[in-house]
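**Q** Each chain is listed here by its residues.
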Amino acid sequence: MLYLSQAIGRPVRDQHGESIGTVADLIVAIGDRYPPVTGIVVKTNGREIFLHWGSVTSLDAGGAILGTSAIDISKFQQRPNEIRLKLDLMDRQIVDIDGRKVVRVNDLRLDEVEGSLHLVAVDVGPSGLLRRLGIEGPWRTIARGLHRDVPERYIDWEDVDPVERTIASVKLRVPHKGLAELHPADLATIIDQLSRSDRVGVIVSLDDEAAADAIGEMEPETQVDILEDLEPARAADILEEMDPDEAADLVADLSDESREEILGLMEKDEAEEVQELMTYGEETAGGIMTTEFVAVPATLTAAQTIDRLRELEPTAETIYYVYVTDADNRLVGVLSLRDLIVAKPSTVISTFMYDEPVAVRTDASQNEVTGVVARYNLLAVPVVDAEGRLEGIVTVDDAIDTLLPQPSKRFLPRLFGRSGSAER
Amino acid sequence: MKTPALALTPRAVNRVRFAAILGVLGPGLVSGFADNDAGGISTYSVAGVRFGYDLLWVLLASQIVLFFTQEVGARLGLATGQGLAGLVREKYGVRWAAFMMSTMLVANVGSIIAEFAGCSAALGLVFGWPNWASALVAAIVVVLLLTRGNYSKVQYLFVAVGICVSTAYFISALLARPDWGQAANSLVIPHLESNAGYWVAVVATVGTTITPWGQAFIQSYVADKRLGPEDLVGERLDVGLGALLTNLIAAFIVVACAATLWSTGATSATDVATIARGLEHLAGPFTTVLFAVGLLAASFLGLGVVPLTSAYAACEAFGWETGVDWRWREAPAFYGLMIFFIVSAALFVVVVPYSGLVQVMFTAQVVNCLLLPFVLVFVMRLSADKELMGPLVSGRFLLTIGWLGTALLVVLSLTLVATSFMGF
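Line order of the protein sequences matches chains R and H.
If you read the first sequence in this note's numbering, its first letter stands for residue 3, the second for the next number, and so on.
If you read the second sequence in this note's numbering, its first letter stands for residue 1394, the second for the next number, and so on.
Misleading hints may appear alongside valid ones.
[Claimed, not checked] Label pairs and their in silico Cβ distance ranges:
1) E370(R) x G1521(H): 45 to 53 Å
2) T1756(H) x K45(R): 39 to 47 Å
3) E114(R) x T1756(H): 46 to 54 Å
4) D399(R) x L1763(H): 56 to 64 Å
[To be verified] Here are some chain H residues the structure puts well away from chain R; computed CB gaps all over 12 Å:
5) I1533
6) G1590
7) F1741
8) A1757
9) P1766
[To be verified] Stretch by stretch, here's where chain H covers chain R in the computed footprint (C-beta under 8 Å, at least three residues):
10) 31 to 40
11) 102 to 114
I should point out that these hints are in silico values taken from the structure, not numbers from a laboratory.
Bear in mind the structure is a predicted one, so any value in this text is a computation, not a measurement.
Glycine is no exception: its CB is placed at the ideal position from the N, C-alpha and C atoms.
So here's chain R without its partners, still in its complex pose (with noise of 0.2 Å):
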């Protein structure tokens, strides 16, 4: 086990042990799950040479010996997928995928992995604090003489997610592929204690559908801050792939020119639906709506609507209720999934249909719709104009949201929280 910080400024030897300069940095190949080391830097005569790891013969904290005696001071490529440690890693801000946070580096620990060196963890606790200062021996003298542990702290390093900025050095298109698998929530959570450009580094790596899923967890100001540093075809597709109630909700935000050029670049219905959705009032039952659900006409059989709904493949909110509509698109019956599974598939759905559907108006406050759903027992109550037309529907989760007190207020949640997402 090595400590970077232990071998850095060490001497490098030549076979016979002749000092040729010290050792200025590692280069490690990521992508593996322990990167391997691939190279050093040694510092001679002020300037910096790049040595394969191959004429390394060992390394250690009393320096490193190469197996050669001349050095072959062929330019060495630093190949897209290296990094150096000290250079690029040391003392960087990194993710924490495990512990959901952002921490700094304090020292890196190498490891003898199956006869080579590699990167195996990161040391963010007090130890290797102390390790950098240069002070870890006399703290822990005192620390022994007061009975209490030096605590040390490392994460493996596969728990580890390189912000952007870490590692920027290298053209290296950062795969995030632990933030990736986190649930939407715990990525928004790391994705807000990360600097502005971290975070459009992060969403970007994404795709288009998990993107939407953490951006749609965030707070609304965070979520218009990302919107307008991406690029605007990005922030378009990943907009497509919103609930259009929540892309509604944060383009309503944006500034005007952003939200001009974002919408313009949408596919056109799903941007004229999320434009038709910013025409009501936040606080009403068409505020709230979502436009996707499942509308057939009254002479399909249950066979044949069921067919539908594999076509369509509705999400898990709007899967449990089909709506059914007149030509003119207003609301005449409503099916519940089980019904339609439980009827025989010949069965013409007009026959079983519920016909007297319990809808709200667009206009409907949200505290109404909320009652609506309490009372009745629904997932989702569909929302109806003037005239009776099928617009949209409030799925039990948009419509409890009401009835929860503010998202508690974070206790403190940053040195200084914004103003507030109004002005921008």
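Since the structure of chain R is provided, determine the placement of chain H on it from the hints.
**A** Okay, now just chain H, sitting in the frame of chain R:
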């Protein structure tokens, strides 16, 4: 290094809107107001009492330097999204960061003691409270404010308190019926003297305006508000306004003292309480109350800002940026440091006699002066780093002014340190 600005669209950089500028206002204003804390007000009043209008030109000069140093700090925050301590650690290593932080912490304990002393003096003047009662009340209020308050609202409180201080001293100056012509003259025409005491006052006046923690404060504030490169115009306006107001207040204090005590030959007072009492005979009891209210508000502002900035910067430098929630359990270092500052400083004020306090405050100022050159050199070098700053890098003009200002402040700082050791 990838510059954060590359992640932003060019459209965003060009966007300058009034609403956006309003949203940006805050960091510079609060920082400016907080510069006139208890230490500042006593320095200005003593300067006014001893040297009359003669030091006004120093205020104008230090306002200009303050604008440029704060502008660089804000720009660093805008470009990197990081606080000063974090940047110093990434660029110059953990030892420099540790040196900077430990020095700043020592100096800031001194400043916090000065704030408590200010509270005690003010409450003693108005209500006749004993020292211990004032310190206790101040400590409780500040702890409640910082642990229970929502910071995004607390910043408005800070601005409100700052305005209260400004108004109090503006009216005090009016009530003192000063010689405005002479004041205006002294503001623009430098007054030079060969008297060492005069130059110590010059250095103290500059030193209380431009502080290491002020530099850390503005940068963290800007970064934490998640302002980005597109907010540059608004931020410059904010910083300019902050610097202007800071020095207007300082000028009113000097003028009020010059017009009353100095002009009647009472130039011996060395502390705010004596000065405020002196004002009673010359400008009426109302002036004394105003002076005390201003001092109280300024001390509270300092108490709100200095411990918080210190704890925050330490956490940033040492990587204790624990979870996003900043709850007690998750951020023991942060809260522990803050409580330590407040409790130890409050105790100090209660236990140590007044002469000891003066000594401590003066020592704190010397430590600050020793640290300031390092901080400014770091800031200037960082701001000239093209990789780090991207389009916000300091151009030749700003860099020249910045280095000139730094050189000037280094000379002044060294002068103060030298004179303090020679015992002026």
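**Q** Hints first: check each against the structure and report whether it holds.
**A** Going down the list of hints, with the structure as the test:
1. E370(R) x G1521(H): 45 to 53 Å: violated, 59 Å
2. T1756(H) x K45(R): 39 to 47 Å: holds, 41 Å
3. E114(R) x T1756(H): 46 to 54 Å: holds, 52 Å
4. D399(R) x L1763(H): 56 to 64 Å: holds, 58 Å
5. I1533: Non-interface label on I1533(H) holds, nearest chain R Cβ at 18 Å vs cutoff 12 Å.
6. G1590: holds, 39 Å
7. F1741: Holds, since 25 Å exceeds 12 Å.
8. A1757: Correct as stated: the minimum Cβ-Cβ distance to chain R is 23 Å, above 12 Å.
9. P1766: holds, 22 Å
10. 31 to 40: Contact hint for the region 31 to 40 of chain R vs chain H: violated, 0 residues under 8 Å.
11. 102 to 114: Since 7 is at least three, the answer is holds.
Comparing the model with each numbered hint stated earlier shows that hints 1 and 10 do not hold.
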